[in-house]
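Chemist: Sequence:
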Amino acid sequence: MSFKERVYSLLRKVPKGKVVTYGQLAKMAGKPRAARAIGVFMRINPDAPRTPCHRVVASDGSLTGYSAQGGVKKKKRMLVEEGVFFIKDKVDLAKSCLNNRYTFTS
DNA sequence: AAAATGACGGTGT
DNA sequence: TACACCGCCATTT
Numbered sequence: 000m001s002f003k004e005r006v007y008s009l010l011r012k013v014p015k016g017k018v019v020t021y022g023q024l025a026k027m028a029g030k031p032r033a034a035r036a037i038g039v040f041m042r043i044n045p046d047a048p049r050t051p052c053h054r055v056v057a058s059d060g061s062l063t064g065y066s067a068q069g070g071v072k073k074k075k076r077m078l079v080e081e082g083v084f085f086i087k088d089k090v091d092l093a094k095s096c097l098n099n100r101y102t103f104t105s
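Per numbering that gives the first Met the number 0, residue 0 is the first one in the first sequence, and the count goes up by one each step.
Honestly, the hints are just simulated from the structure, not real lab data.
One should not assume that every hint holds.
[What the hints assert, rightly or not] Quick list of simulated restraints, FRET-style, between CB atoms:
| no. | residue 1 | residue 2 | range |
| --- | --- | --- | --- |
| 1 | 69 | 38 | 25 to 31 Å |
| 2 | 22 | 84 | 17 to 23 Å |
| 3 | 31 | 68 | 30 to 36 Å |
| 4 | 3 | 87 | 29 to 35 Å |
Just so it is clear, CB atoms sit at the ideal spot from N, CA and C, and this is done for glycine as well.
Go ahead and model the full structure; you've got the sequences and the hints to work with.
Modeler: Right, dumping it as structure tokens:
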């Protein structure tokens with residue numbers, strides 16, 4: 000299983016109403032410094048409906064991108080729809096950031 | 001094998 | 001708060 004696949008499977012476990020940062024995903028998948036590479040994985044997300052790539056935000060809570068129709072604007076709308084807290088156009092990480100740990104084998 | 005490609009993150013101004 | 005810089009990295013050419 001490639002690093003990319005691990006990231007995707009972890010992302011699929013992020014519950015609605017919560018978000019995770021690229022850096023956290025990287026750490027969970029076992030490569031703390033691979034946040035940037037993960038950004039690429041999201042961009043080329045092959046299975047958009049099944050993988051909630053809209054729940055991935057930057058470390059400061061800003062929405063840095065969304066390749067699907069609508070761009071970041073659509074992304075924010077989806078998150079608000081799910082109940083994620085916002086402060087202007089940034090996610091309120093203190094309230095909506097996933098801080099629990101998800102494992103591969105769980 | 002080497003270079004290019006980004007939806008990053010931390011630091012400094 | 002906001003930029004610009006720069007180091008990092010898996011994947012694909």
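Chemist: Go through the numbered hints given earlier and state which of them the structure violates, listing their numbers in rising order.
Modeler: 1
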